[in-house]
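**Q** Please construct the entire structure, taking both the sequences and the accompanying hints into account.
Below are the chains, spelled out letter by letter.
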Amino acid sequence: MAVDVIMPQMGESIAEGTVTKWLKKIGDAVKRDEPLFEISTDKVDAEIPAPAAGVLAEILVPEGKTVEINTVVARIAAEGTAVASAPAASGASKPAAAPAAAPSPARTAAPARAAGPAPAPSGPAPAAPAAVSGGTLSREDLRRTRSSPVVRKIAAEHGVDIAAIQGTGISGRVTRRDIEAYVGGGRGAAAVAAQAPAVAAAAAAGSVTAAPAKPASSPAPLVFKPGEAVTVVPMTAIRKKIADHMVASKRTSAHVHTYFEIDLSGVAGLRDRHKKAFEASEGIKLTYLPFIAKAAIEAMRKFPIINSTVDGDNIVYKKEVNLGIAVALDWGLIVPVIKKADEKNLIGLARAIADLGERARTKKLVPDDVTGGTFTITNPGGFGGIVGTPIINQPQVAILGVGVVEKRPVVIDDMIAIRTMCTMVLGFDHRTIDGADADRYMALVKDLLQKANFSELGG
Amino acid sequence: MTARRCAAQWLGRVPYAEGLELQQRLVRALSEGAGSEQLLLLEHPHVITLGRNAKPGHVLAGEALRQARGVALYPTGRGGDVTYHGPGQLVGYPILDLAPDRCDVRRYVRDLEEVLIRTAADFGVSACREEGLTGVWVGGQKLAAIGVRIARWITSHGFAFNVSTDLSYFNLIVPCGIADHGVTSLEKLTGQTVDTRAVAESAARHMGDVLGREMSGIEASAPREAVA
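Top to bottom, those sequences are chains A and B. For the first sequence, counting from 1, position 218 maps to 217 in numbering that gives the first Met the number 0; every step adds exactly one. For the second sequence, counting from 1, position 18 maps to 17 in numbering that gives the first Met the number 0; every step adds exactly one.
EDC-like mimics (lysine to aspartate or glutamate), calculated; alpha carbons at most 20 Å apart, straight line:
id : chain 1 : residue 1 : chain 2 : residue 2
1  : A       : K42       : B       : E113
2  : A       : K249      : A       : D433
3  : A       : K339      : B       : E130
4  : A       : K42       : B       : E130
5  : A       : K362      : A       : E15
6  : A       : K363      : B       : E129
7  : A       : K42       : B       : D110
8  : A       : K362      : B       : D80
No wet-lab data here; the hints were simulated from the structure.
**A** Here it is in structure tokens:
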């Protein structure tokens, strides 16, 4: 008998909410109306109470994840049903042992496998210290021996090695029934059989984001050896999203990269002349990026394939340019989008870039700010890199990478000159864009930037 | 049906931690049926508050500069980002029970914005909302910020309205160059000296009108300066 906990609707016309913090861990006893988790919805933080009393059995939505209202985010099991050992608590053990036993079996299974970053493994369960002796035990051993105090007590009484018992609990843990069956020779065997499907069902129900807890018989391969000096940190929601997005893009597009050396001396001169006045009138710094964005957009008018997407066997040309600008954040990477960037002039682009960058850094972007992009500019030169090989932001077909802007010696008319140079790269999808077209497009971008004819600045 | 009563109080300058504790106490009392609705009006000494997700890296000022300017750093454990509070900024913490008739966070935030827009209008400033953003804005610059927390429909935190705030302090947290573009104050907009307490009284009055509360207390309560 589990009670579903749902993402509440905190107001008319509010469609979704983000789980920001779980106030309880899996296995914790919860009282009805006790604060269970916190959400952020429509920029308001709210604390949500538990709808029923029991034990928090599953967390289906990790911290940081946004889901639609009425999505089941967790399940609360009636006290005792979550754990095999609980209902049978005999006179030998105090009743209080039952809830205390609950946390440990559930904890490895759900947070680590299903819920991802959700409840950071905040210290060992109160029952666990005896079993946790640094990283010297294998993962499987941990599963087996990290059993409830009741189980360990019975094992100790009978001089049994828990690791030798075939566990039926979550992740192969040895439940009270398992050890009773082992010790008593068959006593409780039927109960073991009955228990197994229930565990499987509970595990399957938990598989919203990732694979359900697997039985111990097929453990995931170890990427580090037991005892190795490592620190394990669950990926944040944004990290996982980036990871999935990047791999999916490499699988989807036939990536090719073409590099162009572009002389930005003209743009640099313009920028120097207008920097002060611009900052005074607009309140923002005049960077190279708006110039580059303007040129990239201009050149698309001649090469619309750059601003297209692939839909099955069709090429879909986008009439508006929604320009994504990759912004590096301390906690990840986000690509806010300038809508209808092709309708903006240089100053408008500069403003939009500054605005989105600032809102990205202060977490004030709204969902609409990061969707609908048709082309992306990224800045692998931000830390001095000459240039990079950017991955296409799906479902787009091209991405412009801007390397560091610096003075370099170049040959002009058989003389060596010092010019402000930048290496740019176009990453494009060879499924629909041929090298010649990509190169012609880049040649035009180069030409526009080198001519530096940006009339709004009077330059 | 008579309007619910809400007691407004001007508390003067209150350290951030003390204000937080007071709010928590009032929220608890209200949820246990022992308290009453309140509107706390105050200002904080210089403080940068960090939301749970904010990393210290978002505070642009180095430790030395921050301390040199006498600004405390306070991690709040709430969601959200980095904010600045300080003298000359009217902070309002409405502790209200939105149940049963106002259970809508979006409506509540809009109501707060409405209160602040009307308050600004009392001082001759025409402020507005900005699509997709919270807070109250004048010409693309933020006059007042809103940050709300709700637990069982009882509200806490609220708004921060720049009356005569020294806006340069925002440089400590907002990317350089954008700061002057991003925030403004009543004093900067009107070119006149405005008393924070007068703005507080105006905000309390509009709070009553917009949220349907019968406000009491703001004029009567004695100013409590420098609680710390």
